[in-house]
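Trainee: The primary structure of each chain is shown beneath.
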Amino acid sequence: MPFEMPTENPSADGVVNVVDPKFTTRPQPIYERILHDFRVAKMIGMHSPILSRYEDVVYALRHPEIFSSEIDMKVMLGNDRPMIPQQIDPPSQVRYRKILDPQFSRQKMQQLDGAIRQHANALIDAVVDQGGCEFDAAFAVPLPCRAFLSLMGLPQEELELFLELKDGVIRPPVPPMDLIAAGEYRAKIGKRIYAYFENLVAERRRAPKDDMVTYLTQVDFDGRKLTGHEILDICYLLLLGGLDTVTSTLGCSIAFLATNPEHRRRLATGGPEVVNDAIEELLRWETPVTMVPRVLKQDVTIGDTTLRSGDLVNLLIGAANLDEAEFKDAMTVDFEREQNRHVAFGAGPHRCLGSHLARMELRAALEEWHRRIPDYAIQPGETPRVSPGIREVLYLPLVWGAGAA
Amino acid sequence: MMRLRVDSDRCVGHGRCYELAPELFGEDEEGHCRLQRTKVPPELEAKARSAARNCPEEAILLVEDE
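Taken in sequence, the protein lines are chains A and B. Using this note's numbering, the first residue of the first sequence is number -2, and each one after it goes up by one. Using this note's numbering, the first residue of the second sequence is number 6, and each one after it goes up by one.
Hints listed in this document are in silico derivations from the structure and should not be mistaken for laboratory results. Take these hints with a grain of salt, some might be off.
Counterexamples of contact, computed for chain A against chain B with all Cβ distances above 12 Å [stated by the list, open to error]:
no.: 1; residue: D98
no.: 2; residue: F159
no.: 3; residue: E195
no.: 4; residue: L350
no.: 5; residue: I375
no.: 6; residue: W397
Computed cross-link-like contacts, DMTMM-like style, restricted to lysine to aspartate or glutamate with a CA-CA straight-line distance of at most 20 Å [as the list claims (entries may be wrong)]:
no.: 7; chain 1: A; residue 1: K325; chain 2: B; residue 2: E34
no.: 8; chain 1: A; residue 1: K95; chain 2: B; residue 2: E28
no.: 9; chain 1: A; residue 1: K105; chain 2: B; residue 2: D33
no.: 10; chain 1: A; residue 1: K95; chain 2: B; residue 2: E34
Small disclaimer: the values here were computed from a predicted structure and weren't measured. Using N, Cα and C, we set each Cβ at its ideal position, and we do this for glycine too.
Please take these sequences and the hints and turn them into a complete structure.
Mentor: What follows is the structure in structure tokens.
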């Protein structure tokens, strides 16, 4: 008998294949099986443990003293030092959040609403008369990058450079399984990211402006100023955290709405409250950031499995958001859901710093898009393609108007 | 009458409460919840319940008085 790779996902012994196209494009049925059969599943390759129940994931997120964020990720994202505050634990992490949260509050983010709607409309202008577009390249990629430049107070001419830098780190152009080449490429791009922000910090120290980097050079941090390294480690995170996540949420949301006309009509005609509820439900259902890693500081027993101190643990947020124990009719997409405590932005002290920015971008984008292009569909005969990891819909061909009829 | 309490040790600033019930919840400089009032008038009870139900940190407590 020839040996065969398990075709089931998860496999009979609980191994989850997260790069399987079935998982990346439509993970929900796979989450459902994981939740049903494996309280502790295993990651393909390393076989590191995966937690998926809502109660387990939330417990881990709220207990950083057990589930630490201080993971050695240098090789993965090209950074020389931990990104601040994502890759450090309380109590230091909390001190950084105290000076960063005010810069990312809802109030503060609302000031960007007009600029982001302008960016969105400029992108729609370019495609609206064409009767269709590839949504990722035309809208989902450039919008969050333009929003990031507005947030940072940087000129929009930097768009191409920032797209090159974040793509170089997140999707290095090397053969898929060549981890060494990928690491080298990321390290090279990482150096350029540090150099760019080092320059910017020097400029703002010389000539302060009313912007994010100037704030970081001036803010009082427990009676002292932030060091150059600290500022760079924050900027590195802002660049990597702010772009792909919103790109992916936009792509996943539009792909869902393109294939679910009733939901789309509800969102397009329901007014601001419906849009807000729809965004929360789409975040729950699609959970574009499917999982986050933690490293154990001590042994922990989950069900009848003991996880060991030092283990890397994967928190499968996407599955937690579909757990029937927390969400009534979890497998139904319901824009009128009365209780929705999804953890698409995480929970506990590391709650996504950019969640208010993300929600504002999503609201502006979905409102403007549906105001101008309320009806659209996936181009007949075409299939969207979704990346592993953060679920960017890399290929999303849409048609509308005469082409959609 | 219904009363509201917020456990500020649990609140991490998701902001669902001040989005869903701005009459009852505001935000401080860091985006954490700040109660606008502790007594909930009857016409806002539904909103108070909605905010409590949708807090991912379960930081909002509703107490029904006599």
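Trainee: Hint numbers the structure violates, sorted upward?
Mentor: 1, 4, 7 and 8
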